[in-house]
Amino acid sequence: MATINLGAIKFNWKGAYNNGTTYAVDDVVSSGGNSYVCIQASTGNAVGNATAYWNIMSTKGTNGTDGSNGTDLTSTLTTRGDIVYKGASALTRLAKGTAGYYLKQGANDPEWSAVSGGGVLQAVHNTNATPVNTSSSSYVATNNSVTITPTASNSKIYVVLSGQVAVNSSGDDPWIYVKVRKSINGASYSDVASNYYRRYAPSAGNIHILEDVNFHLIHAPATTQSVVYKVWYHGGGQSSWYGGRSNSEVSSTNGIAIELANGIA
Amino acid sequence: MIDIGLAIKEINKDAEHRIEGLDWNTLTWLNNTAPISQADIEAKQAEMETAKTNEATAKASAKASGNTKLLGLGLTQAEATALTGFTPE
Numbered sequence: 001m002a003t004i005n006l007g008a009i010k011f012n013w014k015g016a017y018n019n020g021t022t023y024a025v026d027d028v029v030s031s032g033g034n035s036y037v038c039i040q041a042s043t044g045n046a047v048g049n050a051t052a053y054w055n056i057m058s059t060k061g062t063n064g065t066d067g068s069n070g071t072d073l074t075s076t077l078t079t080r081g082d083i084v085y086k087g088a089s090a091l092t093r094l095a096k097g098t099a100g101y102y103l104k105q106g107a108n109d110p111e112w113s114a115v116s117g118g119g120v121l122q123a124v125h126n127t128n129a130t131p132v133n134t135s136s137s138s139y140v141a142t143n144n145s146v147t148i149t150p151t152a153s154n155s156k157i158y159v160v161l162s163g164q165v166a167v168n169s170s171g172d173d174p175w176i177y178v179k180v181r182k183s184i185n186g187a188s189y190s191d192v193a194s195n196y197y198r199r200y201a202p203s204a205g206n207i208h209i210l211e212d213v214n215f216h217l218i219h220a221p222a223t224t225q226s227v228v229y230k231v232w233y234h235g236g237g238q239s240s241w242y243g244g245r246s247n248s249e250v251s252s253t254n255g256i257a258i259e260l261a262n263g264i265a
Numbered sequence: 266m267i268d269i270g271l272a273i274k275e276i277n278k279d280a281e282h283r284i285e286g287l288d289w290n291t292l293t294w295l296n297n298t299a300p301i302s303q304a305d306i307e308a309k310q311a312e313m314e315t316a317k318t319n320e321a322t323a324k325a326s327a328k329a330s331g332n333t334k335l336l337g338l339g340l341t342q343a344e345a346t347a348l349t350g351f352t353p354e
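These protein sequence lines map, in sequence, to chains A and B.
Counted from 1, the first sequence has number 218 at position 218 by this note's numbering; the numbering is strictly sequential.
Counted from 1, the second sequence has number 332 at position 67 by this note's numbering; the numbering is strictly sequential.
Please note: incorrect hints may appear among the correct ones.
Dumping the calculated DSSO-like pairs for lysine-lysine here, alpha-carbon to alpha-carbon at most 30 Å [what the hints assert, rightly or not]:
| no. | chain 1 | residue 1 | chain 2 | residue 2 |
| --- | --- | --- | --- | --- |
| 1 | B | Lys-309 | B | Lys-324 |
| 2 | B | Lys-324 | A | Lys-230 |
| 3 | A | Lys-156 | A | Lys-96 |
| 4 | A | Lys-86 | A | Lys-96 |
| 5 | A | Lys-179 | B | Lys-334 |
| 6 | A | Lys-104 | A | Lys-86 |
It should be emphasised that the hints constitute simulated quantities derived from the structure, not laboratory data.
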C-alpha cells in the first residue's frame, strides 16, 4: 500500500534557537523576541526574516517599558495629587495644586488656578450689647468688632461696622473721634480706616449727643490668619459712650465681614 | 443715674478711664490717671443725683411761686400760663 508523507501536521515548538540543534521543516523557535518557522532542514543556519531555512512567524511588539517607546509614569508622577498631561513633546507632570484651586486650561497646557471672579467666599456677623464708656482723650477699644479668617491671602474683605456713639459732657465743645483698627492673629492693633471726626457746636452745660457710626470699607489683609476688625473711639476727654447713650440705654453694635474672591473688588 | 464718666470727671477733671457697661471688673485707668475707688465714684454719682433732683425741685418750686405771684397781680391762670407756659397740677 502506497504511503504519503504528510510531514508535520502541526508546528513543533523547539524553544529558543540553538546553533547546534538540527531543525526539521515546521520546527518553530524563538530568537530575540521573534518566532521563526523552519522551511528547510539544517543545522547551524541562523534564523532570519526570509532565508533559505527560516521565515519569520511573528515579530515581537514594541517594548513599552524601556523608556524609548513609552513613559514610565511611576517616575513621572512623584507626589500624591499629581496628574499627567500631554506636553509639547512628551507626557508631562502637573504637580499637585494648592487646596481650593481649580484646574484651568491654559493656552496649551492645563494649570492650577485660584478661584477668581467667583464672588462671596464667606460671611460672618457679630453683634454686641455691652457699651463702653471712657473719659479718655486717646483711642480706646469698643466692643463693636467682627472676626474673620480669610480662605485665601489674596481675598478682599468687605467690612461693615455700625453702632452709636454718645457724648455726655458737662463741658463745652465736645468732639467725637472714631476709627477702625485691625489685629491679625492676635497681634497689636493698627489703623485700617481713616479717622472719623465729628465736632459739635460749642454749648454750655450738660450735653447729650447720640450719633450713628457706620463704616463700610474694603480691606486686603493679605493673610489666611484670623483678622479682627474693631472700632476704636474717644470723646476728646469728655465722658462718652459707644454702643448706646449710657449703660442702661444700650443700642447693639453690629459687625459684618464678607470675604470676596480675588478680582471681585 | 448720673453717668459714671461725668462722676469721674467731677472727681478729677483730668481723669481718663475705660469701662464696659457697669462691669467694675473692666474699669481701667488710662494715661497715668490715679485710680479712684468704686465707692468714691458711686458716692459722687449719688451726690450729683441729689443735686440734680434738688435743682429740679427748686425749679418747679420757683415756677409755682412765680405763678402764684402773677395770679396775685390779678392775672387769670390762662393769662399766666400764656406768659410762662406753666400750668399748676
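Comparing the hints with the structure gives:
no.	hint	in the structure
1	B:Lys-309 / B:Lys-324	22 Å, holds
2	B:Lys-324 / A:Lys-230	44 Å, violated
3	A:Lys-156 / A:Lys-96	26 Å, holds
4	A:Lys-86 / A:Lys-96	16 Å, holds
5	A:Lys-179 / B:Lys-334	55 Å, violated
6	A:Lys-104 / A:Lys-86	15 Å, holds
The structure is inconsistent with the numbered hints 2, 5, although it conforms to all the rest.
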